[in-house]
Structure formats: C-alpha cells, structure tokens
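Asker: One-letter residues, chain by chain:
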Amino acid sequence: MQDQAALDEFRAEARDHLARVSEGLVRLERLEGVARVEEVNRLFRSLHSIKGGAGFLGLKVLESVSHGAETVLDRVRKGSLAVTPAVIDILLEATDLLGRLLEQAESEGEKNAAGLVARLLDAASGSVAPETMIAGDPEPLAGESDSEAAPHPDMGADKNRSIRVSVEVADRLMALASELVLVRNQALNKFEPRDSAERELVSRLNTVASDIQRSVTSTRMQPVASLFQRLPRAARDLARQLGKSIELSVSGAEVELDRGVIERLADPLTHLIRNACDHGIEPGPERVRAGKPETGSIRVEARHEGGQIHVVVRDDGAGIDPERVGRLAIERGLATRAEVESMSPGQRQLLVLRPGFSTASRVTDLSGRGVGLDVVQANLAAIGGTLQLVSEPGLGTGFHLRLPLTLAIIPCLVVEAGGFRVCAPQRDLEELVLLEEGVRQGVESCHGGLVYRLRDQLLPVVPLAGLLGAKTNEPGNCRYLAVVRCGPGRLGLVIDKVSSPEEIVVKPLHPALEPVGLFSGATVLGDGLVSLILDTEGVANKSGAVPVPAASARVARPAGDGGLVLLFEDSSGGRYGTPLKTISKVVRYEAGQSRRLAGRATLDIPGGIRAMVAMHELVPGAPRGIIPESGYLLLPNGDGTPGVGVAVADIVDTARAPAALQPAPLAAAGVLGAARLNGRPTLVVDTAAMAAAWGGAG
Amino acid sequence: MSANPETACSFRLDGRLFGFGISMVREVHPMAPMVPVPAASAGFLGLVNLRGAIHLVLDMRLLLGLPEKVPAAGDLLVLFNASAGPAFGVVVDEIGGIEKLSGPSLECPGPLVVSVFDTASGGALSLVRPQALLAAAADSSLVRGAMP
Chain A
0 MQDQAALDEF RAEARDHLAR VSEGLVRLER LEGVARVEEV NRLFRSLHSI
50 KGGAGFLGLK VLESVSHGAE TVLDRVRKGS LAVTPAVIDI LLEATDLLGR
100 LLEQAESEGE KNAAGLVARL LDAASGSVAP ETMIAGDPEP LAGESDSEAA
150 PHPDMGADKN RSIRVSVEVA DRLMALASEL VLVRNQALNK FEPRDSAERE
200 LVSRLNTVAS DIQRSVTSTR MQPVASLFQR LPRAARDLAR QLGKSIELSV
250 SGAEVELDRG VIERLADPLT HLIRNACDHG IEPGPERVRA GKPETGSIRV
300 EARHEGGQIH VVVRDDGAGI DPERVGRLAI ERGLATRAEV ESMSPGQRQL
350 LVLRPGFSTA SRVTDLSGRG VGLDVVQANL AAIGGTLQLV SEPGLGTGFH
400 LRLPLTLAII PCLVVEAGGF RVCAPQRDLE ELVLLEEGVR QGVESCHGGL
450 VYRLRDQLLP VVPLAGLLGA KTNEPGNCRY LAVVRCGPGR LGLVIDKVSS
500 PEEIVVKPLH PALEPVGLFS GATVLGDGLV SLILDTEGVA NKSGAVPVPA
550 ASARVARPAG DGGLVLLFED SSGGRYGTPL KTISKVVRYE AGQSRRLAGR
600 ATLDIPGGIR AMVAMHELVP GAPRGIIPES GYLLLPNGDG TPGVGVAVAD
650 IVDTARAPAA LQPAPLAAAG VLGAARLNGR PTLVVDTAAM AAAWGGAG
Chain B
0 MSANPETACS FRLDGRLFGF GISMVREVHP MAPMVPVPAA SAGFLGLVNL
50 RGAIHLVLDM RLLLGLPEKV PAAGDLLVLF NASAGPAFGV VVDEIGGIEK
100 LSGPSLECPG PLVVSVFDTA SGGALSLVRP QALLAAAADS SLVRGAMP
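Sequences listed follow chains A and B, in order.
Here numbering that gives the first Met the number 0 is used: position 604 in the first sequence is 603, and no number is missing along the way.
Here numbering that gives the first Met the number 0 is used: position 125 in the second sequence is 124, and no number is missing along the way.
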C-alpha cells in the first residue's frame, strides 16, 4: 500500500516535471546565451528528478529513458552538442515516451524504450541521423497508441487515486471547516436537550462537523513519516549498487508538515540521500583505514523549532575537502582562481551547491552529473526554505534544511491585558506567577523600568496592557506575571487574566499590522472572535526591556545557602523548619476529613491512606500537641515511608537556611539543628529521616 | 490619474453619499463581532472573522473626517477584492445601490476621494479609492477624537 502511495505521488510529480520539460524544450530553440544555459539547467534538473524518483521505485525503463535524455542535455550543457531541431525532436520524443511510461506497466514500455534509449545515446555522441529524427519510427508509435487506448486495467484505476487541488482551495476548506465547528458549538449551546428529535439532529451535526474538520485537516497536514519511511530502503538499495555498507536512521517522523511542503521536499531529500551514499560515505576499506566503522551511517531528522521545521541529513563520511572543491570549481569554470583564493574554507565548501558542479570522477546513474545539490537549493528556495551546509573533512557532512511553517496548529494560552485578548504560544511561556497582594510588592521600579524578583532572579517586567495601547491600566487588575522566553533570555509580562489554553490554527498576520511589531500571526478562537499571537521578541524590542539570560541575574543573598526550608507550626505553636528536599508534597485537609483507623487518625489521599503523626511523637521532648482538626499533612520524601504523614497546624513561609546550623537543644533521629529563621528560633528537622525512624520504631 | 470606473457601489455614511468602484467590492456583509486591534493606528477599527477568514476593518469615518460612531448592529461591512489590497473592509451605515457614473464630475485633489459625481437619483456621490483608505489608515499619527 505504501508503495502504491509512493508510486502515485511520483506519477503526479513526474507529470508536472514532464509538462515543464516539453514546454522548455520548445522554448529552448529560441533562447540564446545565459537564458539558454539556465533553461538547459532547469530541464536537466527536471529530468534528473524523474530519473531519481524512478530509480527509487525500481522503474528501470523510465529510469533508462530519462537517463538517456539527460545524457543528451548534459552534452548540450557542456557545449559539445549543438541545439538542432533534430536534438529537440528526439528529446521531445523521449518526453512523450516518459509520459506514456508513467501510465503503463513497466513491461509494456520496455520494447519501445530500448530503441529510443539507443538513439538518445547516439544523439548524445553527436551522430544524429536526420531521417531518424524527423520521421521517427511510425511502427512503434502506432503500437504505443494501442497500448494507450487500452490501458492496463489496474493502471487506469490508479490514475484517479489522487487529484491536485490548489493550496488556496485547501486553505479555504480548512477555514470553512473551522467555521462549521464554531457554528456547531453555538448550536450546541442553543438547543433544547429534552427534545429527542432535536437532540438526534444536533448529535449528527456534531459528528459530521468533527469528521469534516479532521478530514479537511488531513488534506493539508501529513506526518513527515510518509516521506521518511521510504528512505532507509532507498539508502540500502543505493548502497548495494555502490558496493558500500550504509545504514540510514530517521527520527522525528511524527512531525507534521504541510502536504505541499512534503511533496516538494521529496526531491531535495532524495538528492541529499543519493549524494550522501555516493559521495559522502567512503567505500568500506577506506573507512576502516580511517578508523571508522565499516558501515557508514546517514541520519535524517525532523523537528519543530522556533516556528520553523528543521530537517537535517547528516552522514559520517569523508566530508567536503575545501581545497579539492576549490580546484575543481576553477577547472570547471564555475569560479575564477582569484575568487576561490579569497574564499574561506567554509565558502569553498559551498561551491558544491553551484549548478554544474560535480566532484565525482565517474558518471554513475545515481548522481555525479553535478546536478543534485543545486536542485536541492532551487527546490527549497521555491518553498521559502533555506539550505545550510556544515562539513568537517574526514568526519562527515550535514545538510540543514529549514522550512517555513505554512500551516501550523500550536498550543497557546489565551491571556487578557487591558481589555485585549491575545495568544501567548506555550513554547514561549516558562511559567505563570500569581501576583497576590503581598507578592505584588515584588514588582519594583528600577531605572525607569520595572523588575520583579522571581525566586533569586531579577526579571525585567513589561506591563502588557500599556504596550497593547490600553487606555486605562488599573494596577489592581494585574493578577499574573507571565514569564516568557525571548530568544536566549526571558522577561515577565504583567497580565490581567488567564483564559483557557487553546490549540489554535496560525494564520498570517495582516500585512498592514506587521509594522506594529508585537505579533507573529492571527487566529480565530473557539468563540469565533479574532485574536493576535504575541511575538515575545517583538514585545522585548518594543518595550525596550532587555531580557535576562536565565542564569546571569542571580542575586547574591546575604545569608549562607543551606537550601530552602519550609517553616511550619504544630498545634502547640512550636516553630519548625524542614528542608524542602525532604518532603514530597504538602496536602491541606479540612475538619472531618480524617478517619480513625486502628486507633490512629488517618487521611485518605490519592496515593494511599496516610497515618497522621504529630511532631511531638517524632521529636522526643518537644511540647505535646495534638493532631489538628484541620491543617496540613507533610508527606516525607523517599520510598521508605509510604504510609506516614506529619500533621501540622499551619504553614508559615519558606526561608533560606544558613549553610551551618547551630546545634539543636535536643538530640533525636532526624533533628538537624537550630537556626533563627524569619526572626524566630526554629528547630530544623529532616522530615524524611524522622518519618523513617518513626516507621521503624512503630 | 486612472480612468474612473463606469459604475459604483454607493453607500451612506453620516447621511452623505459615497461610492466605491464596483470592481473593488467583493461582498457586503452584516456587521459581525469585531475585536479592536491592539497597539495599532486608530485608523484600524478592528478585526472580524467572516467564515473563517480574518479581515481588517478600517475606520472610514475617522479617515474621511466624519463624526465618530461606534459600529452598531444595523451597520454593514463592505469587503474589498484582493485587487484593492489584502483582506480588508470598512463599516458603512447603509448601502445605496449601483450607480452609473456618467454626467459631469469634479476632480478632487484629496488622496481618498477621487472625484465627485452628480447622480441620477440626485445628490453628489464622492468616489473613494479603497487602496488609498488602507494606506491612510496605517498612519500612526491618527488620533480618535481629534476631528470635530
């Protein structure tokens, strides 16, 4: 089934290429100079792509015909064959045959192809017999028309398995499907649930709307797996033809991409794999001599990052030798000596991306004609992507493809500030801090800007409402501080309200709003209203706040660092502290929630029933208290004490303990020492050790 | 100056008659829920979602120097073709009809109003260029409440 899908995709692509080739061939006769060279290069790339695809799918006849036509064009490109009508004729004949071969089974085309391939090769060597060219060979042509009139039944059915639809139409369908879901949601709110006829209708509307949305989305988005899964096999086949041992691994196959992008990524990726197999990975013995494993490895990886899709193809082969590349570029007339000499080694390596460059000393049917890498670049540029090359001579080569997210669904948090509702992408959001009355004082004015002391870090703070142009900005409204990432740094945004998280479909920002500089896109939220998507870097630029790197703004604390301790009181008012790392959780319980079990108060909480233990039971000599009616249960850290919790009356605060504690006035298991914390003498205990000792004793 | 369109879609704003070249107008839509555009020029009234497509709505009253009015339920949205600019529209009080623009016209030096025509139904119709509206709306020096 997968092969069938791959075949369908190849056919669709090849048809496009052929349409361009026959159009270009006709134009070629009229072109001169640079324009002609460019056209030849374009034709060459198209035929090369067909050849590549056919090779991958094992369509030998198609491959040999396109190879023949490519050979002719290669001679034209090198200037050793003139563009005569005879040459154009035979190339057009080859194009027609390729078109027919696409629609028929391989075996049927074979007899016609062999003759044409021979003639193409003749043409390439310059011995074109005019009569062959003009008249063609009527007999085989007639035979071919027969096979076209009565196509193979299976192939006829296959032809209609996919259709091409413009991206605009697909986008429109997506938008309408989302709109249908909104209408459905509104209808769900209105309907009368007791009316059974209406209920059935609404339930059907519900299902249909969801199905439509899913199906329409699938017309646009597809996991990159559909492309990746054929790569290991292809690399293996190539390796066998080359007599090399190569292993290809893929990761990130689940990353979803626009179908249009996947389709157009197929060619570049194919070329990069061929290139890596043919030129990158060295023959086995050579690898062994270089101290590498005999089996070469190619890794293909896809991931989302910074609003783009990254696809990386990395081999552990010979790498690109900048000296050799420079020399070859001069030999081939792709660059002048002076140009090459002024280049850095990295720039010299990039010469391999120029059209017509080839370092292979032999012409293989895999690659080595010097097309491939420039095809990769041209195809990527066409979809708004870029290609980056990193090569370490001796260690391998990595091709880094960056593709735009043409259509993305991203998780966002909808936030409100100054009456505006905007979306903050989850990937930019680090944490949310609730600004309570006491904590709000933490936002301080500092050199004309605002800062907030978040744990031990000073964070620049931007009131979002003001930046969005809200008329009134009541400070009493500001409830949250959203800590967001801006590139490598971060800053805090004061917001009024946090609404629900939503999965949003990113739509392009209206061009007239781009100068605002605060937003990266727009979306329609679940209630049908428009909302803009915050661009955190834009926020930083616009506000003038300088984001701080996560680690650099540590504030030196005067007190020595003994770690954070949780301060609490038991029912007798005794003040205790316990290092945060010794407790796993604090659970609040209300009066009436605890139950007596075997003479002991217990609390049934997620994770099991806990015995409630008072501090005086753990610390001999401590003032006697009771297990409070309502309060907090400290759950000790560690596996040794699953059934115990320390019941305390109140949680006071957290504080930083000095590096060295004073000796405690009493000795017991788990008592660490004493210290003056928050202005009061406090007994610091290790809750985990205490609970373990109690568990052991009881 | 390009040739004037032969026919215009006329509309009323603050009791006065205006028109857009008929080829510029894509559709007229009942007023839809609109959200204000944060941090943008006052020329942008808001953003609306119409059948899944987001449109930018301009404050034409402000741009033409007419008294300000908060868009109400009975108002209409006039949306323009892509040839006028990317997905945008304006709010009008009422749609007139299709007006044949023959008869004498008065060339206008203003950037927004191309020319003023005398219509068959009587009254002067000011022909407005949507492209110019979009360009003028982006002017960040626009302030609401500045006009009388």
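What the hints contain is simulated information worked out from the structure, not anything from laboratory work.
Quantities reported herein were computed from a predicted structural model and do not represent experimental measurements.
Among the hints, a few may not be true.
Said to hold, decoys possible - Derived CB-CB ranges, DEER-like: (1) A72(B) to A380(A): 44 to 54 Å; (2) A380(A) to P85(B): 21 to 31 Å; (3) L204(A) to C107(B): 45 to 55 Å; (4) K541(A) to T6(B): 51 to 61 Å; (5) E37(A) to A72(B): 34 to 44 Å; (6) T6(B) to V166(A): 26 to 36 Å; (7) E253(A) to R50(B): 43 to 53 Å.
To be verified - Residues from chain B shown here face chain A by an in silico Cβ test under 8 Å; the list is partial: (8) L46; (9) V47; (10) L55; (11) A81; (12) P85.
Backbone N, C-alpha and C fix where the C-beta goes; we use that ideal spot for every residue, glycine too.
Asker: Kindly indicate which numbered hints from before are broken by the structure, ordering the numbers from low to high.
Answerer: Result: hints 4, 5, 7 and 11 break, sorted rising.
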